[in-house]
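So the chains spell out like this:
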Amino acid sequence: MYNQTEIIKDTTELGPEGELVVNMGPQHPATHGVLHLVVTLNGETIKKIEPHLGYIHRSIEKMCESLTYRQFIYVTSRMDYLSSHINNTACALLVEKGMQIEVPERAQYVRTILNELTRIASHELWIGAMAMDLGAFTPFFYAFREREMITDIMEDTCGARLTMNYIVPGGLMYDIHPDFQNKVKAFIKQFKEKVTEYEDLVTNNVIFQSRTKGVGILSAEDAISFGCTGPVARASGVSCDIRKIAPYDVYAKVEFDEVIETAGDSFARYMVRIKEMNQSIRIIEQLIDTIPEGDFVGKTKNVLKLPKGEFYQRVETARGDFGVYIVSEGGTTPYRIKFRSPGFSNLSALSHMAEGSKIGDLMATMGTLDLVIPDIDR
Amino acid sequence: MTNEEIKVYISSHAPSVSYDETGEWLNLTIEAAEWKDLALAITRSPLKMDYLFCLTCLDWKTHLTMVYHLTSTTYRHNIVVKANLILDKPQIETVSEIWRTAEFHEREVFEMFGVHFLNHPDLRKLILEEDFKGFPLRKDFEDPINMIKL
Amino acid sequence: MFSLEGITTATQDWLLIKFNPTIALAIECVIVILLSISLFALLGLVLVLMERKVAARIQIRLGPNRVGPGGIFQTAADTLKLVMKEGLTPDTADKFLFNLAPFVVMMVAMLLLAPIAFAKNFQIWDINIGVLYISAISSLSVIGILMAGWASNNKYSLLGAMRSGAQIVSYELSAGFAVLTIVVLTGSLQISEIVAAQENGWWLFKGHIPVIIAFVLYIIAVTAETNRAPFDLAEAESELTAGFHTEYSGMKFALFFLAEYINIFIVCAIGATLFLGGWMPFHMGNWESFNHIMDYIPSSIWFMGKTFFLIFLIMWFRWTFPRLRVDQLLNLEWKYLLPISLFNLLLVTIIAIMGWHF
Amino acid sequence: MFLKDYIYDVYNGVRSLLKGMRKTGYYFTHSKEIITEQYPDNRATLKLADRFKGEVIMPHDDNNEHACTGCTACEIACPNGTIKVVTKSEFNAEGKKKKAVDALVYRLELCTMCNLCVVACPSDAIKMAPNFEHSVFDRTKLTKILNKPGSKIREGIE
Chain C
1 MYNQTEIIKD TTELGPEGEL VVNMGPQHPA THGVLHLVVT LNGETIKKIE
51 PHLGYIHRSI EKMCESLTYR QFIYVTSRMD YLSSHINNTA CALLVEKGMQ
101 IEVPERAQYV RTILNELTRI ASHELWIGAM AMDLGAFTPF FYAFREREMI
151 TDIMEDTCGA RLTMNYIVPG GLMYDIHPDF QNKVKAFIKQ FKEKVTEYED
201 LVTNNVIFQS RTKGVGILSA EDAISFGCTG PVARASGVSC DIRKIAPYDV
251 YAKVEFDEVI ETAGDSFARY MVRIKEMNQS IRIIEQLIDT IPEGDFVGKT
301 KNVLKLPKGE FYQRVETARG DFGVYIVSEG GTTPYRIKFR SPGFSNLSAL
351 SHMAEGSKIG DLMATMGTLD LVIPDIDR
Chain R
1 MTNEEIKVYI SSHAPSVSYD ETGEWLNLTI EAAEWKDLAL AITRSPLKMD
51 YLFCLTCLDW KTHLTMVYHL TSTTYRHNIV VKANLILDKP QIETVSEIWR
101 TAEFHEREVF EMFGVHFLNH PDLRKLILEE DFKGFPLRKD FEDPINMIKL
Chain G
1 MFSLEGITTA TQDWLLIKFN PTIALAIECV IVILLSISLF ALLGLVLVLM
51 ERKVAARIQI RLGPNRVGPG GIFQTAADTL KLVMKEGLTP DTADKFLFNL
101 APFVVMMVAM LLLAPIAFAK NFQIWDINIG VLYISAISSL SVIGILMAGW
151 ASNNKYSLLG AMRSGAQIVS YELSAGFAVL TIVVLTGSLQ ISEIVAAQEN
201 GWWLFKGHIP VIIAFVLYII AVTAETNRAP FDLAEAESEL TAGFHTEYSG
251 MKFALFFLAE YINIFIVCAI GATLFLGGWM PFHMGNWESF NHIMDYIPSS
301 IWFMGKTFFL IFLIMWFRWT FPRLRVDQLL NLEWKYLLPI SLFNLLLVTI
351 IAIMGWHF
Chain X
1 MFLKDYIYDV YNGVRSLLKG MRKTGYYFTH SKEIITEQYP DNRATLKLAD
51 RFKGEVIMPH DDNNEHACTG CTACEIACPN GTIKVVTKSE FNAEGKKKKA
101 VDALVYRLEL CTMCNLCVVA CPSDAIKMAP NFEHSVFDRT KLTKILNKPG
151 SKIREGIE
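Residue numbers (my numbering), protein chains in the order written: chain C, 1 to 378; chain R, 1 to 150; chain G, 1 to 358; chain X, 1 to 158.
The following block holds chain C by itself, in its conformation from the complex (with noise of 0.2 Å):
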């Protein structure tokens, strides 16, 4: 991190052979948070681009190291806050994986309806994010609009909009609402009805084409080595849904394909999120209606313990490959907590993403990387 005298010094001093170093963010309109990139420029061209994390830094991993199992999960709500119900379910699962605690089918379904509307809700903020982050401002109200009927029905079965912790080692906090059903199919049918203005304002928009495609080409072999996962490294092609390759809870069952895209630019990147939208939606319409009655909570020590040992879950949230890895030494706190987040890992391809591009490629690349700070610093 650099101190305060060099973050001065370096805003007003030019680079050697008249390179431009200009410090975005941490508080800039396209960072999304608090990330801090050092952008050295060649007049419009990015020559080198360097992350400074921490500003968000909680330190979360030593923080989860003195809570108990049942409180820890709740910390990661805070982590990846657009998807906080999929990081609970990794906690959850990697508890219920550890004690072997069956889990009622019951809580299965809702817990896999739940996690695909936040994955469309993360995906609608992030159209509207990337649209303003190109320079379209509505398109975020529109993507607000439907995104406000998932929190609605969050709100109505969870008690919380955004940080939702609804999920419990065991199955779930308590039973999803009456309502459930009919307002997760009401919004099915707005989804439906409206998910073609995208394509109207935004995808099939000559000026959003000509911003997008051929911008930040992540190939193949570069994802896979960045470690990039989720919709950006499937759009390089990479088959690397967690859903897919190791599946939890009902996902086995339903029938989704996995979206992939070979271009590799941003372009390619949009698209995977939008097909992805609507393969959450063919998910959520097979589940909706034969959620079996049961238990919503399978039968838990009131004091959990997980042996010693070392377990590792692997979850697919918005933004990728989530994944929990606690070593246990048989106390009722871990012993060593590690967060993978996606977006540490998808972060350090920005650089190589962006080289020899123009600043506003940076914008349009950084907004399809789809960085959550607090995700990243943990």
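Just so you know, these hints were derived from the structure itself, not from any lab. No residue lacks a Cβ here, since even glycine has one placed at the ideal position from N, Cα and C. Hints are not guaranteed to be accurate.
Unchecked claim - Residues of chain C placed beyond 12 Å of chain X at every Cβ, according to the derived structure:
1) Glu61
2) Arg70
3) Met99
4) Arg106
5) Phe191
As the list claims (entries may be wrong) - Here are the computed distance ranges between Cβ atoms for each label pair:
6) Asn146/R <-> Lys185/C: 46 to 52 Å
7) Lys185/C <-> Leu313/G: 36 to 42 Å
8) Lys185/C <-> Phe309/G: 40 to 46 Å
9) Asn146/R <-> Leu313/G: 53 to 59 Å
10) Val195/C <-> Leu313/G: 24 to 30 Å
11) Lys185/C <-> Leu18/X: 56 to 62 Å
12) Asp88/R <-> Asp50/X: 56 to 62 Å
13) Lys144/X <-> Asp175/C: 50 to 56 Å
Claimed, not checked - From the structure, some residues in chain G lie toward chain X, with a derived Cβ separation under 10 Å:
14) Gln59
15) Leu97
16) Phe317
Fit chains R, G and X to the known structure of chain C by using the hints.
Structure of chains R, G and X alone, referenced to chain C:
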């Protein structure tokens, strides 16, 4: 590839490896000095461990352990590689030119655990301030000002 | 019938009776200056409010609705806030240029008001090279922007100013060519004559397809020239935070802000004058009674209506399209707009020589 | 052919732009699509989800009695040290010494609304209330004592 085949292949490259199959995936513990050669070997055919999805470190109070979670995007088999390091002078060869994602992860481990990665291209602090003292994720780290004991 | 012409003539007559001609002229000057400044302030308030309302409606929101009925005093309140704010000057800035820049931008916008015909015979200065005057003066605004960008000693500002320079210099060309098509058709550079030539029909309808193309080109070019989205690269929010006015605050920022909207008004007024007949009412061939009704609407209303329609069009663009990249912006000008407008000008010249227009 | 491609490019570009403008134009002219909530004005009619987790409250009945036994289960369950149970010794009707709650201190500024305390409570003494207007001018006002002064435990709750 089954675990047995992986074992055979790895043993042919690094004879001193010990295995542990109690967990979900095959765990191997290696000498820190052998890691770079083994890393180069397992990225090649037939293992093709091309995807390093998690890199972290454990503090066992007596020693540190580097943990590498690897998978193959072609064959989908996973292995976990562990290397023990001495607490006083932890150092291991970097793998950032083999898996480029390791560059950031190693920088994180460097500042959080104080592990030195030899030949790392840019080993600086990534998250913490430059003048930060101590290694926060080690077990003996104490910060009486900012840490609240509950 | 309400007419601005009557008021001006009466005022002048009265002044000439009371004072000798020199003093009368001086008083008229003062009146004009006061009028134009108040027009500025009023337009700024109205246009900002209009932009916010249009944006809100497009974005399925309500927009400002708390200050005054329907939020009409919102911009007045905002202006009050900006006036009370501290005008900061960065330590390392070139203080003279930094403080001068907003006034340069503002003065350029004010100078452009002179030849615009707001209503029938209601014009500050009917110069015989009106169109040339407008083209010349409007290119000056880039100096103010470059000055602001350079003097701020901020990298974002500098990048924004450089972008703005490249952009305005390029788009001047197609705007100029689009204006030239009308000059070719009319055969005069004087604004009043251009308006008079459209008495039997607006050029947009009289001039066949080439004039429609010229109109579209004009709208695109002036959108770029006034730094409006999708060409707002000079202040591209998500890239350069606020571009050339990043370091400005308080009233100095407000002047930039105001100048932006005044510039929009002026280019739209010119567009309305050249293509939509200025203050000329809408006439339909031989429908005598219809034309008569149209004549009853005051000419100032016609002018303002057309201008605000064009302003709305430009706002509509802004809230629909993403921003272009800087190289695409120049590509669009040099590879698409310029060749098309050159070819178009040729067509119009042929039409004008052959007398094919109505 | 170059010229054909050129014209085709221009045509397609303009068409896509006009399509977008038609969409925004539709919303401009249809005011029924506006979804703004007039928040402070619609407070009377504002309906929050009944499960909404806004703050922890302790319901008291008409006799100023609550159900909290002072067992500190919520305090243990809380991840952030939000809840602090201060207990006192009390003699019940039979003259037996019994632990009771003196003050259940709840610090809203630390709460993450995870609901674990409510789940952990054996006697359902606390619950989440759908109240979100928490802004105060003084941070100390966020530290609340949940049991009302003079309240006591309801009969029959162990």
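The hint says 53 to 59 Å between Asn146/R and Leu313/G; measuring C-beta to C-beta, is that right? holds (56 Å)
Holds or violated: is the Cβ of Leu97/G closer than 10 Å to a Cβ in chain X? violated (38 Å)
Assessment of proposed distance window 40 to 46 Å (beta carbons of Lys185/C, Phe309/G): holds (44 Å)
Using Cβ atoms only, decide whether Gln59/G comes closer than 10 Å to chain X, and label the hint accordingly. Holds: closest Cβ of chain X sits about 8 Å from Gln59/G, inside 10 Å.
Quick check: does the Cβ-Cβ distance between Lys185/C and Leu18/X fall within 56 to 62 Å? violated (34 Å)
Far enough from chain X: is every CB of that chain over 12 Å from the CB of Arg106/C? holds (18 Å)
When you take the CB atoms of Lys144/X and Asp175/C, is the distance between them in 50 to 56 Å? violated (29 Å)
Is the hinted range of 46 to 52 Å satisfied by the C-beta distance from Asn146/R to Lys185/C? holds (48 Å)
For Val195/C and Leu313/G, compare the CB-CB distance with the range 24 to 30 Å and indicate the outcome. Because 28 Å falls inside the window, the suggested range holds.
Identify whether the interface hint at Phe317/G stands, where standing means a beta carbon of chain X within less than 10 Å of its own. Given a least distance of 8 Å, the restraint on Phe317/G holds.
Check the non-interface label on Met99/C: least C-beta distance to chain X beyond 12 Å or not. Per Cβ check, Met99/C is outside 12 Å of chain X; nearest 18 Å; holds.
Beyond 12 Å from chain X, beta-carbon-wise, is Phe191/C? Answer for Phe191/C: holds, closest chain X Cβ roughly 15 Å.
The earlier numbered hints that this structure contradicts are 2, 11, 13 and 15.
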